[in-house]
Each structure stands twice: as structure tokens, then as C-alpha cells.
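Chain by chain, the residues:
Protein chains: 2
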Amino acid sequence: MKNYDVIIIGAGPAGIITGVTAKKQYPGKSVLIIREEEKGLVPCGIPYIFYKLNSVDKDAMGPKPFIDLGGDVVTDPVVDVNIKDKTLKVKSGADFSFDKLVFATGSKPVIASFIPGFELKNVFYIKKSYNYINNLFNELQDKKNIIIVGGGFIGAEVAEQLAMHSDKKVSLVESEDLCFSKAFSGELSEIATEQLKKSNVDVHTSTLVEKVLGENGIVTGVQLKGGNNIKADAVIFAIGYKPNTEIAKKAGLQINKVGAIVVDNYGRSSEKYICAVGDCSQTLGFLTGRCDYIMLASTATAEARVLGYNLFGIKIKNSFSGTIGVFSTEINGVAMAAAGLNEKNAPFANIEFITAKFSDVDRHPGTLEGTSPLTAKLYVSPSDGTILGGEVWGGKSSGEMINTVGLAIQKGVTVYELMSLQVGTHPLLTNAPTKPVIIKAAEVAISKIRTLNK
Amino acid sequence: MKNYDVIIIGAGPAGIITGVTAKKQYPGKSVLIIREEEKGLVPCGIPYIFYKLNSVDKDAMGPKPFIDLGGDVVTDPVVDVNIKDKTLKVKSGADFSFDKLVFATGSKPVIASFIPGFELKNVFYIKKSYNYINNLFNELQDKKNIIIVGGGFIGAEVAEQLAMHSDKKVSLVESEDLCFSKAFSGELSEIATEQLKKSNVDVHTSTLVEKVLGENGIVTGVQLKGGNNIKADAVIFAIGYKPNTEIAKKAGLQINKVGAIVVDNYGRSSEKYICAVGDCSQTLGFLTGRCDYIMLASTATAEARVLGYNLFGIKIKNSFSGTIGVFSTEINGVAMAAAGLNEKNAPFANIEFITAKFSDVDRHPGTLEGTSPLTAKLYVSPSDGTILGGEVWGGKSSGEMINTVGLAIQKGVTVYELMSLQVGTHPLLTNAPTKPVIIKAAEVAISKIRTLNK
Chain A
1 MKNYDVIIIG
11 AGPAGIITGV
21 TAKKQYPGKS
31 VLIIREEEKG
41 LVPCGIPYIF
51 YKLNSVDKDA
61 MGPKPFIDLG
71 GDVVTDPVVD
81 VNIKDKTLKV
91 KSGADFSFDK
101 LVFATGSKPV
111 IASFIPGFEL
121 KNVFYIKKSY
131 NYINNLFNEL
141 QDKKNIIIVG
151 GGFIGAEVAE
161 QLAMHSDKKV
171 SLVESEDLCF
181 SKAFSGELSE
191 IATEQLKKSN
201 VDVHTSTLVE
211 KVLGENGIVT
221 GVQLKGGNNI
231 KADAVIFAIG
241 YKPNTEIAKK
251 AGLQINKVGA
261 IVVDNYGRSS
271 EKYICAVGDC
281 SQTLGFLTGR
291 CDYIMLASTA
301 TAEARVLGYN
311 LFGIKIKNSF
321 SGTIGVFSTE
331 INGVAMAAAG
341 LNEKNAPFAN
351 IEFITAKFSD
361 VDRHPGTLEG
371 TSPLTAKLYV
381 SPSDGTILGG
391 EVWGGKSSGE
401 MINTVGLAIQ
411 KGVTVYELMS
421 LQVGTHPLLT
431 NAPTKPVIIK
441 AAEVAISKIR
451 TLNK
Chain B
1 MKNYDVIIIG
11 AGPAGIITGV
21 TAKKQYPGKS
31 VLIIREEEKG
41 LVPCGIPYIF
51 YKLNSVDKDA
61 MGPKPFIDLG
71 GDVVTDPVVD
81 VNIKDKTLKV
91 KSGADFSFDK
101 LVFATGSKPV
111 IASFIPGFEL
121 KNVFYIKKSY
131 NYINNLFNEL
141 QDKKNIIIVG
151 GGFIGAEVAE
161 QLAMHSDKKV
171 SLVESEDLCF
181 SKAFSGELSE
191 IATEQLKKSN
201 VDVHTSTLVE
211 KVLGENGIVT
221 GVQLKGGNNI
231 KADAVIFAIG
241 YKPNTEIAKK
251 AGLQINKVGA
261 IVVDNYGRSS
271 EKYICAVGDC
281 SQTLGFLTGR
291 CDYIMLASTA
301 TAEARVLGYN
311 LFGIKIKNSF
321 SGTIGVFSTE
331 INGVAMAAAG
341 LNEKNAPFAN
351 IEFITAKFSD
361 VDRHPGTLEG
371 TSPLTAKLYV
381 SPSDGTILGG
391 EVWGGKSSGE
401 MINTVGLAIQ
411 KGVTVYELMS
421 LQVGTHPLLT
431 NAPTKPVIIK
441 AAEVAISKIR
451 TLNK
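Protein chains in written order, with my numbering: chain A, 1 to 454; chain B, 1 to 454.
It is worth saying that the hints were derived from the structure and are not from the lab.
From a predicted model like this one, the values you see are computed outputs, not experimental measurements.
Every residue, glycine too, gets a C-beta built ideally from N, C-alpha and C.
Computed footprint of chain B on chain A; a stretch qualifies when at least three of its residues, placed anywhere within it, have a C-beta under 8 Å from a C-beta of chain B: (1) 50 to 63; (2) 409 to 416.
Here are a few chain B residues that sit away from chain A, every Cβ distance over 10 Å (derived from the structure): (3) D76; (4) K197; (5) F312.
Please construct the entire structure, taking both the sequences and the accompanying hints into account.
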């Protein structure tokens, strides 16, 4: 039985970055990644396979940086883990033993088993699997009428991309009154839903799918609650993901109420020697410390860096406890991004906040060609002015501006501090120095707080 | 004699933002801005007047937001200030009295009076004046051979824009061995100089202008040290700016060794009731507290916001003392940005640092169309890992990414903290979550520090 100092189950972003970081920090340790498939995918790139990349292989991702550092990789699904003996078994029958084991098994799509007809042919999911997506890509080539069920990031992005094919009719069915409503505020969800409609997607909000319809075992459409039908050659469910933790559970690890492996701030599970990282591991809200559902590659890799460094003892303090959740997307050429608290997620945790917003354009003077609108919205504690959340939308730079907001949240920066924030501006790259949207939104927040205190 | 609670001299970004902020915070106070010209310009937009905007008026900026808040504006140059009487006189002869006076008189180009021939016709400067630039714009229409002297931001940007006219031959003469070398590190200056050459500018580095040549009082070229001549129909000197403080000096205010008005952290001068803000006021380095030469609209507006809030008493703490200097530009389609310390400015102040760099692309997967290279470089204290400076270059988002680095510098964030920084990533907007360039550069820095400590 071959022994490794560290075995990592899973070769997604969390697994690879844990492996890379561990090999860099502990070059003398033997590290093995065990994966299910030969090829991997950049998870957030999957929607773009269906139009912009028009290729599965252009979205491929592999463990090369890990192998270059001397890491080993085995392709053979893990079927069993024995915590007591510190061993595991793979599908082919081989056994491995380990000193440290890392679960980086990710998440998998929620199956629509509660909807009659879900088992028909041409019902699909967005599984983070090369082989599965490769098959889906091929299957969709000749499908004219496609229904996406679920208007979160992945569903909406896949719908937007498929709708760019002039020969396809794409419908999206969302149970909430707006798309993106789990991650974005009402205001931004509305903008995003509007852009989705403009990208030629037939969007049905506040709509439930009652039944998947078929003939001879093959999908022909969906029946909506209320009685209307939509015709389809393919139905793609994008109704959420859940932690992939069956093996961890079977092995006896503690699992939380959302199905994730319980870990501390350093990815250490209830069992000594066993860690977990990324989508399969527990996420706690940054303000509340409560269980959260956020599953993001960027969060997973942050956890993976912390875990890789600290596998054999805490060397680098995890400076930010809890997960903020920094989301971004682009629909119909409009970039939209959010971090932390907003009107949608704050009430669940009974958190007081005020909002403040400022709009301008992303270049200066605004007469420059290629100028896009740009808006920043801040969610602020009315007591001390701390920035609890933010949204930025409009031009492409929104995708990086939200990271300034993210850092501000993580460092507990207040709107008062933002008044003296020094920023860099340039006509061709940013909005004007006289009105940087994040700082101006902070100024609006200060006025609101002052009015409240009167 | 009309009295105002506040009089601001100057209607550039510093003057307008001081006025706007003051009127918002103290709506009951009467505020007057006195300016020299009817029309104003967005200062950093000036280079783009010469090609991209191809118009002076498209770069116009006015005090409308200030007037909308009830502010008054007078166009009439101030000729004298009497501190004791709290009065001032304008060119037309009128007098005003004030309770608070703010100097926001900006900066003016250094005149090439030390170079023979500097007074010839068709020798120009980049003056931040609508009338002057309007005339320059018209004068340059029929000029074929143009020489820019000085390869800092303004000179290089003007050269790049003029060189886009296919009928113009543009040469740039820089005394240092690279352009941009005051704000950028050697490495980034080299990249910037290379891009300038690629934009069809004939760049002469390590070259001094000995004499401006002319016939019948009109420029015909320049003579370089060493003997070579370059032919020219126009010569534009962009050899720096100095604080515009003659009136302040005459009035008896304390002026520092670089000619700027001495002020405290809140823009308050040596005289009670008199403040100064922006390019005409003292700048102190954020690490050293020593006099610095940084003149940036973005810094000026940050100072103006702080001053506007605190004109009648400190209401909002200035959270960041000293000026970091966040610069950005785009040459030949390559964005380049810098904040704080680098190899060029650190040795002056004898500051120890290590550098760490990471390169990737600005989209993921990198196979997406429109992907640009992206590099982050950090300047880090080897003792405690504090981020002292940074540079980001490549794709357009560099212009906003430097603001994340800027916030990190201002909040004293360490490279260790960046290991657990949560960022948002998206295929169409940012680089990959597995290797965010700023975080990866921080990782490289940690390894370097560890090696040093061995």
C-alpha cells in the first residue's frame, strides 16, 4: 500500500491550489491528488463553452502546476475512506494510506427528482465534469428549443450564451420574481434580469415548473404551474448545488445541516488528520458566523491557500474569518458585481443597514468613446459607518472594483475612512477623480447616517 | 465689499470639490469660488484633446455641481490677499472679504527659461488652462514635426496622442534613461517607454535639449547635447509643474522648500482662517512624512473632500496621513499603474523592501477573446510583510486593481493577510481564482521573506 504525507481528493480549484500551496511550503512532503476524470474544467468558464469559447477543451484546466512541483496524480474515483486506519480505497481496488487527508470533493448539481419527468432523455444539469459537459455540448448542437430551469448565475449565464446562437430559442424559468436574487439586491437583480431579456432569452420569472413533458421517453417541453406549456428539445436544470460529501459522511466526518463537512478556520475537520476545503467544506457568514450556502471558486481557492500553508501547523493566520461572498458576472455586456451584505441577505440575519448609491461613467471625460455607465452601492452600518456590503455595476472594471469593496469589508473600513481614500484615476481607465463612485457612495451614506442621528 | 463665509481661489478639481463638499456639509454658509477663466478643463483629459477627443470642449469641466448647491462663482483673477484684514482683491479692482479662505490655485508648468531659445514662437507648455490649450490645439493642426521635451505622464501621453495623426512626426526627448521614471519602477518604465516607441513616437532617452533653434523668431527645431538636431514646427515642454503659490507667498503664508503652502493634515495653513488644498498645498510622503512632489487630481480631490467636511471644525478624521501617489496611464493600449513605494523612490528615503511579481492574463480561461496579459508587482517590508507599494500593468482593469493595492497600503495590510483575501472572479472580467495576480505576488513575497530569514 503506497503511503503519502498528504492525499487530496478532488482536482478542482480547491484541490489543485491546496496541492500547489502544500508542495511549495513543504517540498519534502509527498502529496497525491486523486481525481475522478482525466480532464478538468475551469468551473466558472463552463457557460462560455456554449458560445464564446465554442469548445470544451478551451475551458480545460489541469493539475500541471502541481505536477511541476513534484505532486502525484491518480485518476480513479475514491470509494471509501477509513479514518481510523488512515487509508482509502479507489474504484479500481487499490489502497492508499495517508498522514493527512484533504477533502476537496466540491459540489454537485441538485437533481430535479421532485419534478415528474425529470428522468426523461435530454434533461441535463451543469455538472462540473469534463466528460458530462463534453457530452452536453455535443447534444445541444442540434437542439433548437432549450429551456433552462433556474436563474442563478450558472443558469442565467448558460442561457445568455446559448441564446447567442441565432438558430436556438432559449427560455429560462425562475421561481423567484427576479433572476440572480440569491446573490444580488432587488435593484441589481432587476437590472440583471432586464439584461438577460435583452440577450434574447425568453425569461419567465415567478414561475414554477410543474412537470417535464415527454414522448417516447424523450423531452418535449415543460408544463408550468398554472397550466402553460413551453416546447423544448432539451431541458437544463440549474437549480443549485450541494456539497459532494457522501464519502466523507460514510467515513464518519461531522456534516452540517447544509450537507457540508464541519471545519474550523483552517479547514480542519472534527477528525485529526482530516481536512476539507472549498464547496464540500463548511461556509460561515462573515458577519453572523452562521452556516451559509456560498459556493465560489474564488472562496474555495482562498481557503485552499490557507489550508496549503497550514497543513502541518498554523504558520499563517487566517486574517478574515467567515465568508463574504464576492460575486460577479456579465450579461449582455453589462458587468455586475456584489460583495457581502445586501437587502436580500441582510433581513435573514436581522442586520441593520442603510444603503447609499452613486452613479457616473467609467471614463473621464464621459465624452470619450467606449464609455459605460458605472454605479456603486454600499450597504453600511448606521451605527459606526462600517461597510458591510457593496455592489458595483456597469463597465467591465466593476469586476475589479468589487474587490476594493471586498477588501474594505474584510478590513472593517468605514465610510468616514473612505472620505480620505487616495485612489488612482485615468481618463481611459477609470471614472473621474472628482467623483470616484465608491467614495461618492460613502459620502451619501455619511449624509444618511447624519440625518438618522438628528 | 461683499463678504463670504468661505472663498475658494481656483476652480480646478481641488477647488470645485472643496466647494461642493463645503456647500453640502454647511448649506447655510455662503461660498464663493474665484477663477481665472470662464471655462475649465478636466486636467488628466488634456492629452486626449489632441486625438481621441479631437476637441477641447469635450474635455471641459465646470463648477455646475457647486452652483447647483447654491455656490457663487466669479471669473476674475485674484491679485492680492490681505490675511490680517481677511480681504482679497481681484484684477478688475473689486474687493471681497472672507471668514475662511482656501487656496486651490493648483500648479503651473515649469518654464524652460534655462534653455536658450525658449522664448521662440511655437514653443508651448501643457498649461491647465482652457484658453491656452484651445490655442495650442488650433496651432498644432497644421504642424507636421512636433517635439515633446519631457517623458513624464503628461509629455508621454501628449506625444502618444499626437503621434496617432498619420500626418505628424512626433519626437520625445527625455533626460533620464527611461520615460515615466519618476512614478514607475525601472521595470515598468521600460515597458512604458517600449510602448511609447511602438505608438510611433520617436523617443530619445538619456538625451538633453541644449538649445531651441529658430529662424525669424519661429521654432525650427532643437539642438541636443552632443550636437544632433531635430527639426520641428512646434516644441512642447513638459518638464514638470510647480505649485502656483505666488499670491499665497506675497500674502505671507509659509511656503515649503518645493514651493507649496505648508498645511496640516486638514489643509490648515500657518495662518488661522487660511487653508490650502491640491497641487498648491504641501504633500508629505506616506511613509516618511517628508515633503514630496506628487501632484495628482485624485490626491487633490481626496484632500478637498477632507477639507470641505472639516472647514469649520474637524468632523471627519483624516484616516490616512501622507500621500501615497496612485498613478495610472495607458500607452499603446497597455494600461500601467503604480501606488506608493518602488525601486525608484525608495532609495531616496532609505527604505528597505523586497519585490515580488506574478504574471497571468486578465480573463479566464485565457483562451477567451480579448484577453490581455496582467502582471502585479508588490513592494513589501521584509520585516513585517506590510505592503508598501505596488504596480499593476497589462489589461485595462489594472487601473482599478491598483486601487485595491492602494487601499491595502493605506490600511497597512500585510502579504500574510492577502493569503486569505477573498476576491470575486469572473471569466469575462478578471483573472482566474486559482491565481489572482495580487495574491500570488504576495505569496512570492512570503517565500522571499522566509528565505531572507533563514
